[in-house]
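Student: Based on the sequences and whatever the hints tell you, model everything.
Going line by line, the protein sequences match chains D and U. Under the UniProt record's numbering, the first residue of the first sequence carries the number 1, and numbering increases by one thereafter. Under the UniProt record's numbering, the first residue of the second sequence carries the number 1, and numbering increases by one thereafter.
Quick caveat, the hints were computed from the structure, so don't treat them as lab data. For glycine and all other residues, C-beta sits at the position ideal for the given N, C-alpha and C. Careful: at least some of the hints might be erroneous.
Claimed, not checked - Under the rule of at most 20 Å between Cα atoms (straight-line distance), these lysine to any residue pairs were calculated in the SDA-like manner: (1) U:Lys263 - D:Asn79; (2) U:Lys324 - U:Glu217; (3) U:Lys130 - U:Phe51; (4) D:Lys277 - D:Glu241; (5) D:Lys265 - U:Asn79; (6) D:Lys102 - U:Val103; (7) D:Lys102 - U:Ser163; (8) D:Lys128 - D:Gly81; (9) U:Lys102 - D:Lys198; (10) U:Lys263 - D:Tyr107; (11) U:Lys102 - D:Gly93; (12) D:Lys195 - D:Thr210; (13) D:Lys263 - U:Ser162; (14) D:Lys102 - U:Glu96; (15) U:Lys130 - U:Val112; (16) D:Lys102 - U:Lys102; (17) U:Lys260 - D:Asn79; (18) D:Lys102 - U:Glu217; (19) U:Lys102 - D:Glu96; (20) U:Lys102 - D:Ala92; (21) D:Lys260 - D:Lys130; (22) D:Lys52 - U:Val103; (23) U:Lys102 - D:Leu101; (24) U:Lys102 - D:Gly100; (25) U:Lys265 - D:Tyr107; (26) D:Lys102 - U:Pro164; (27) D:Lys52 - U:Pro16; (28) U:Lys102 - D:Pro164; (29) U:Lys102 - D:Tyr95; (30) D:Lys130 - D:Val191; (31) D:Lys265 - U:Pro106; (32) D:Lys52 - D:Lys130; (33) U:Lys52 - D:Pro16; (34) U:Lys263 - U:Pro164; (35) U:Lys265 - D:Asn79.
Unchecked claim - Stretches of chain D that chain U covers, calculated by requiring three or more beta carbons in the stretch to come under 8 Å of a beta carbon on chain U: (36) 67-76; (37) 82-88.
Protein chains: 2
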Amino acid sequence: MLDVAFLGCGGTMPMPERFLASMLLKYNGRKILIDCGEGTQVAMRRLGWGFKSIDIICITHFHGDHILGLPGLLATISNSGREEPMYIIGPAGLYEVMNGLKVVIPYLAFEVFIIENPKDSILVDFEKNKAVLFQNDINLLTEGNQERKAQLEIRTLELEHSSPCIGYSFYIRRSPKFDVDKAIDNQVPKVLWSKLQKNEPQDFEGKTYTPSMVLAEDRKGLKISYITDTRPIESIRGFVEGSDLLVCEGTYGADEDIEKAIKNKHMTFRESATIAKEAEAYELIITHYSPAMMNPGEYIENADNVFKNTSLAFDGAVKTINFKGN
Amino acid sequence: MLDVAFLGCGGTMPMPERFLASMLLKYNGRKILIDCGEGTQVAMRRLGWGFKSIDIICITHFHGDHILGLPGLLATISNSGREEPMYIIGPAGLYEVMNGLKVVIPYLAFEVFIIENPKDSILVDFEKNKAVLFQNDINLLTEGNQERKAQLEIRTLELEHSSPCIGYSFYIRRSPKFDVDKAIDNQVPKVLWSKLQKNEPQDFEGKTYTPSMVLAEDRKGLKISYITDTRPIESIRGFVEGSDLLVCEGTYGADEDIEKAIKNKHMTFRESATIAKEAEAYELIITHYSPAMMNPGEYIENADNVFKNTSLAFDGAVKTINFKGN
Chain D
1 MLDVAFLGCG GTMPMPERFL ASMLLKYNGR KILIDCGEGT QVAMRRLGWG FKSIDIICIT
61 HFHGDHILGL PGLLATISNS GREEPMYIIG PAGLYEVMNG LKVVIPYLAF EVFIIENPKD
121 SILVDFEKNK AVLFQNDINL LTEGNQERKA QLEIRTLELE HSSPCIGYSF YIRRSPKFDV
181 DKAIDNQVPK VLWSKLQKNE PQDFEGKTYT PSMVLAEDRK GLKISYITDT RPIESIRGFV
241 EGSDLLVCEG TYGADEDIEK AIKNKHMTFR ESATIAKEAE AYELIITHYS PAMMNPGEYI
301 ENADNVFKNT SLAFDGAVKT INFKGN
Chain U
1 MLDVAFLGCG GTMPMPERFL ASMLLKYNGR KILIDCGEGT QVAMRRLGWG FKSIDIICIT
61 HFHGDHILGL PGLLATISNS GREEPMYIIG PAGLYEVMNG LKVVIPYLAF EVFIIENPKD
121 SILVDFEKNK AVLFQNDINL LTEGNQERKA QLEIRTLELE HSSPCIGYSF YIRRSPKFDV
181 DKAIDNQVPK VLWSKLQKNE PQDFEGKTYT PSMVLAEDRK GLKISYITDT RPIESIRGFV
241 EGSDLLVCEG TYGADEDIEK AIKNKHMTFR ESATIAKEAE AYELIITHYS PAMMNPGEYI
301 ENADNVFKNT SLAFDGAVKT INFKGN
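Tutor: Here you go:
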């Protein structure tokens, strides 16, 4: 089970009645923030989920509406008492940007670990008060080698915008069920069952028992994808395929704005819905509206006609996404 | 006549119902902004005075609540169509900070002229669509020497805070009245009167006529002072002396918070009012409230008992200050 909060849904610049597009994921009490335009910390305070438990911040690109709230947010997280490391993921140029922003946030209570334009999946295990990140089985912070079956996998995709920009997918692994018959067949001592169920291999009386000896087949997890700002390039389809939730930009609602969308490297609602349809997503939520679009609801048919399960993000909306099936 | 807008009145961090302390001055349609915390551009949009006509931005210091809205505001001003140079004044370290922030605002439509910790007065002449700034009769932009009797004088004072911080005073010169008797006594040809009244010296038939030959004595102008964040050091008194409006921080309302004020290098309402009284200001407006102070009005007596003409700033308040006397 995952909670998704839409902190804002505007593009370009912050407006009095519309915060900038930013999304917060909450899973077992730990949090991941995607994009952080000016005012995001105010939207977060309004939401009331707290600041200390944000472990990872994913930045799509360095346009002001996606990055300018970051220094203030980091300062506020620092004031919240967090001391565990913070991971910031972003496209090419992230080191340079973070280095520049240091002038206004010289002291933070935690270490900031920068992950610039990652090509390989990042695996995340959430612990009680922090996240531990791995890439190719290497712990990113300690550089220690460790095999993991992580709770969360983050992947990125290079998009097509007027500055280097990446999309994100988050896959939350679902633990397999415990299979009593399998445990008995494999002659696993009962005393080990609960630990093996927690995915921890056990040595007992000279023999090694693995979780796979008591667990059923893997179950489908949850896939959330986040795509903004970009033209609808071919590679997006495969990247977001089968998403339980696709969050996708729709800077322009009207079909007639297609030329603006092409020029400014954004998408219309219809283009967004076409991706959702072709990628066989379960659900689409459109966000990142142009400030010129006062009422996005006027244009929802342009998406709905292509992909039925579409909704429009609004500031402060919260959605719970559950695993499908047993 | 000068309009003063209080864009926000909070300190430390932006809150859902309180923008950060920032003040906008409007004089003959041109504008000066003092401080720019995160969200200031949203407060400005709510105010509705526009972005293009901001000629000067004065920063007191580089704590997040005073500077983090600057990159976003500059980007929005750039989008507004402004092409005339923008002057940014701030304490020691301004060059380095602006250089760091460049990573997130690489392209602006106008030149940014940085004035770091100025020791001498800055004189400002507002023209139709821009400001022209001088220091010791040198045009700051063109470096050309030119004698001026400017419309506005900006002075700064080093304050005592936990980072380099400066206070500001703005003195608006009031044009002297035209003195017909004096013009006749000085045998000034009538054809020159209106140009001399506009303060432009004239050569005519081999003789030079100066504005002082037709103008009465100087009249008292308007003095606005802005003091935050600081302890109430001795030098403030002389600096703000005789202000028509003193805008001063009051981070803490309760007298009992004096130890916090000393520790965090801020002021209580009472300390703020004591400055206003001793400096013989005409009027005091207190701003920059701690986020812990939900209702500053509870504490106004602590200031009122010391200095009668005190009011408390609130987000969006606008005040017109008129020249006193004829």
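Student: Each of the hints needs a verdict: does it hold here or not?
Tutor: Taking the hints in turn, this is what the structure says about them:
1. U:Lys263 - D:Asn79: 17 Å, holds
2. U:Lys324 - U:Glu217: 15 Å, holds
3. U:Lys130 - U:Phe51: Holds, at about 13 Å.
4. D:Lys277 - D:Glu241: 10 Å, holds
5. D:Lys265 - U:Asn79: This hinted pair holds, its Cα atoms lying about 18 Å apart.
6. D:Lys102 - U:Val103: 11 Å, holds
7. D:Lys102 - U:Ser163: Since the Cα atoms of D:Lys102 and U:Ser163 sit roughly 15 Å apart, the hinted pair holds (cutoff 20 Å).
8. D:Lys128 - D:Gly81: 15 Å, holds
9. U:Lys102 - D:Lys198: This hinted pair is violated, its Cα atoms lying about 49 Å apart.
10. U:Lys263 - D:Tyr107: 18 Å, holds
11. U:Lys102 - D:Gly93: 13 Å, holds
12. D:Lys195 - D:Thr210: 10 Å, holds
13. D:Lys263 - U:Ser162: 47 Å, violated
14. D:Lys102 - U:Glu96: 11 Å, holds
15. U:Lys130 - U:Val112: 13 Å, holds
16. D:Lys102 - U:Lys102: Holds, at about 12 Å.
17. U:Lys260 - D:Asn79: Holds: U:Lys260 and D:Asn79 sit about 17 Å apart, inside 20 Å.
18. D:Lys102 - U:Glu217: Answer violated: D:Lys102 to U:Glu217 is near 52 Å, above 20 Å.
19. U:Lys102 - D:Glu96: 11 Å, holds
20. U:Lys102 - D:Ala92: 17 Å, holds
21. D:Lys260 - D:Lys130: The hint is violated at about 42 Å.
22. D:Lys52 - U:Val103: 27 Å, violated
23. U:Lys102 - D:Leu101: Holds - the C-alpha atoms of D:Leu101 and U:Lys102 are around 9 Å apart, at most 20 Å.
24. U:Lys102 - D:Gly100: 7 Å, holds
25. U:Lys265 - D:Tyr107: 18 Å, holds
26. D:Lys102 - U:Pro164: 17 Å, holds
27. D:Lys52 - U:Pro16: Within the cut-off at roughly 18 Å; holds.
28. U:Lys102 - D:Pro164: The given pair, whose Cα atoms are some 17 Å apart, holds under the 20 Å limit.
29. U:Lys102 - D:Tyr95: Measuring from Cα to Cα gives roughly 14 Å; hence the hint holds.
30. D:Lys130 - D:Val191: With a Cα-Cα distance of about 30 Å, the restraint between D:Lys130 and D:Val191 is violated, given a limit of 20 Å.
31. D:Lys265 - U:Pro106: Holds: D:Lys265 and U:Pro106 sit about 19 Å apart, inside 20 Å.
32. D:Lys52 - D:Lys130: 10 Å, holds
33. U:Lys52 - D:Pro16: 18 Å, holds
34. U:Lys263 - U:Pro164: Holds. U:Lys263 to U:Pro164 sits at ~16 Å (cutoff 20 Å).
35. U:Lys265 - D:Asn79: Distance of about 18 Å is within 20 Å: holds.
36. 67-76: Since three or more residues must qualify, the claim that chain U covers the region 67-76 of chain D holds, with 7 doing so at under 8 Å.
37. 82-88: violated (count 0)
Hints 9, 13, 18, 21, 22, 30 and 37 from the earlier list are contradicted by this structure; the remaining hints agree with it.
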